[in-house]
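Novice: Protein chains in written order, with our numbering: chain A, -4 to 239; chain B, 456 to 1061; chain C, -13 to 76; chain D, 13 to 126.
Simulated from the structure, these hints should not be mistaken for lab results.
List time: in silico SDA-like cross-link candidates among lysine to any residue, alpha-carbon distance up to 25 Å:
1) B:Lys521 / A:Ile40
2) D:Lys63 / A:Gly27
3) B:Lys510 / B:Asp783
4) B:Lys521 / A:Phe207
5) B:Lys510 / B:Pro522
6) D:Lys63 / A:Val36
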Amino acid sequence: MTRRVRIGFFLPALAGFAALLVWAYTGIPSFGDYQGPYGFVINRISTPLRHMDNAVNSTTYDIRGIDTMGEEFILFAAVIGVVLLLRDEEGRSEDVEDDTGSDVIRIFGTLAIGAAVLVGLWLVSFGFVTPGGGFQGGVAIASGALLLYLVAGYREWSAFGDETKLDPIKGIGGGGYVVIGLAALVSGMPFLHNFFSGGVTGSVWSGGSAGFVNWSAGIEVAAALVILFSEFLEKYIVPIAKSR
Amino acid sequence: MSWALPLPVVIPLIAAAVCTAGDHVLPRRLGDAIGVVGAAGAFAFSLVILLASEKQTQLTWFGGWKPRHHHVAIGVAFAADPLGAGVATLATGLVLASVLYSWSFLRDAARAYDTLMLLFGGAMAGFALTGDIFNMFVWFELMGVAAYALAGFQVAEVGPLQGAINFAVSNTVGAYMILMGIALLYARTGALNLAQIGHALSGHRPDGLVIVALTLLVCGFLIKAAIAPFHLWLADAHAVAPAPVCLLFSGVMVVIGLLGVTRCYWTVFDASLAAQAHDVRAVLVALGIFTALLGAVMAFLQRHLKRLLAYSTISHMGIALVGIALLDEKSLGGASDLLLAHGLLKGSLFLCCGILLVRYDGIDELQLHGKGRSLPVLGIMFGLGALGLTGLPYVGSYLGHAQIDEGATANGIDWVQPLLMIAAGVSSAAIFRAGARVFLGWGPREDPLLSAEPSESPPERTASMPALFAVTAALLVLGLVVSVAPGLGQRVEQAAGRARDRIAYVDRVLRGRELPAPPRPPVAVESTATDSVLYGIGATAIAFGLALVGLFRRRLPEIVRTALRFTLGPPLAALRLAHSGIVGDYVAWITVGTAVVGGVWALLLR
Amino acid sequence: MILATLVPLQGVALGLVALAAPAVVLSRDPLKMIVVNGLYGLSLVLLFVIYGAPDVGLSMLVVGTVAYPLVVLVAIARVRAREGGKDGEE
Amino acid sequence: MSFLPYAVAAWVCIVGLYGIVTSRHLIHLALCLTVMQSSTYLLLLAIGYVKHGGPPIYKGVKLGTTSVDPVVQALTLTDIVVSVTVIALILALALDVHKQAGTVDPDEIREMSG
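Okay, chain A solo, but in the shape it has when bound (with noise of 0.2 Å):
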């Protein structure tokens, strides 16, 4: 089938689709006129119930806690499928020069990683308080890591973006989550029950043992992160290096 077939049967089936769209959506309540009342409970308890001031990372860690220990393992997948996928292409290179020069990258560069990994370690610590939590968290600590390779060059990261030592991490951070999970159901109570719920509001500890599953997740996300840029890294610059 030519393209210029394919669309000509499809912008009138996708002119279809958006007269479908356009009428259901006319059928939501209008906007700013949320209805409730699952989002209105959850505003309603998560403060006095579970002692967090954030209502969205109460529902994600705690309330349906089980969507995010999915949401961890779709993450695990998929850095498995893109290792597997992506697996000795052109080898892993030990001799790759790929250093930078520059003092001033360098010391920036430093400042820079720090800066990340902290802001990475605030948002986890303090997700039931602020906006922000493990994933994100999480994210911003990868990137400080990402840093490294622009400041250290390539040798220093690929020491770093070790698999050997990253596997482990990940799988500690999503095992961790259902280890939580199961702990409460060795204990006689429903799987991922929030134990020690009763936390200074506010605080780091607010968050009872889905504090726990938040650090879990947190670690998770940054070493499947850190293994996912090694891989695409890798990708582009062994192949480069070599053809020098």
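With chain A fixed as given, assemble chains B, C and D onto it according to the hints.
Specialist: Chains B, C and D only, in chain A's frame:
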């Protein structure tokens, strides 16, 4: 038993995490063993949950967030009725078989393979057990991501990669449609729990929002279930995936799509659409019949064995969709029985292909011509598997076919049964033809009718043949006895009845009400109507006859062949053209299908 | 609340999103696409913050500024490098 | 104003879908998928918006203050993670395709026809 509900999901996930964490530390064998133990544990707990769910729908609220304040569901529930628990058992059981088989089939492949299998299995169990519509989406995506990676396993060839991309893009578009449907339902009801959404919708006439939400959810799930015109990715994904992965794709992943349709219809939309069920039925039955026939014809045109089996899967999904679409207890039970037998038998056929690949370095029907004669046992297994799929009375998938036929009759429909018979016959004819050519050496070595296909490189090492045969034979035997297992048909029908009972489901999930255990159905082989026996014999006759025609076409009189060429040639060429292998075309067809289904429902249901 | 003052901006942010989306789709040059996609991501961040969803905005920000560009850039660079190498051989 | 947010969500979805079908470049196609997915973010967050509502974060805010729905935000967060993973996988596949077939135009790869 409710405490065990998360375990079929949690055990494989934690086993996957341990496998990854210990990948560079643990000895090889120990890692493999963790994989097998994880799969076995998930299967064992699924079975226990299935048995418990027959007495009472099992329920657990994650984190202990039970509904409060006027029965508003806050947390996420797993609610296992026998139908969902049954699918979870099938999924985890097939994952176990697949892990065992690949233990000797793909031993050199990275540990990643086992890990992905476990994640895939855990996700399917989660999808089958959950009672929350967004949680369904999460497991659906996890299942998808693991499956895309498994499909693109052989990165050294273009074919597998293209197959994996077509698969990933089509199913991702489907997932977004599902998410849009979920968002629409949330906008209307402010709930994500299935029971609560249904409860909130009940008594209201369907409007645009509900009809489009139905369209988006159904079409999204039908992409996964490979119902035409949403089916195009399936043959590509199967053709390229290793045999034990095909076992999971055909055996249970597509079933998950149909379970999604069933679950959403009976817990959510039935509340609003019960009065217009007739129109919902018309559209879905039409799609099912179209798929059954199209898949069967396409199967007959293939020479790549896994692709052939994949199209035959599409055909059977069409038949099962008819069973689901008839919207009564008998047919839904029939669809379940059919899918159970199909999963086991089609799985064993794919594993046979895996053995062929190991032994003869190829799975092309024409290249393997006559080579199978040195493996008569495999030939017999292949033939029995095909026979079980045909619907010969009291063999394999017969019970499912019969129940669907009887359900159709009870609905006052009598034109569906002959069409389903033809579909089952034609798709089995393709398998018989391929089997006769490979294992008996019948027919010519060349056949211009069949599509050329990319070759597949064999797994890189010697496999333990006895282990491969043992797993294959176990699936085959289990699949063949489905129709004569005493009490199975009745119990499945009871399960189907429970899945359709929305009021009881709402009572159980939102109010925690315990219902009296239903009476145990009699333990006897389910008897079937005479008509069904005749349809079964008819399908078998078509299968054998057409297989012979396919093999010995050249012995037909010249005039018959010319007539066939002129009447069948152009439509077949058009069909081939539509299955272009280009991802843009696939998404275009998905859009067309969704727009047409939605448009027809918009006219009928409003 | 500071965010309340942003509400009149909803229309503007929505307009930006509505214009940036086709710009991403219609830019057929891969490198241009990355830049436009980054802008689209930022317009989404702005809209999410105005919608009262800073958590989502933050997620979109880290994803849109780190994850997408890196992965996509590498993919494009790789494809270009190979095509460049191929042209050289021919 | 009351329908505009939903109209934009529908528009973005249609635009993304158009891009997927007409794409001549697998990397472009992957980005079009994210555009289509971003329509689900727009839809979800618009559904949960409450007029004059602040973010559902009660740090220094009196409890009971009007705030928007946190549930749709949690769903969107999950959705974003999903989109990153799918993109990474499809790009990895695209890179491999390019290596094996020498092209990233989906129309030029015809291994799978019939």
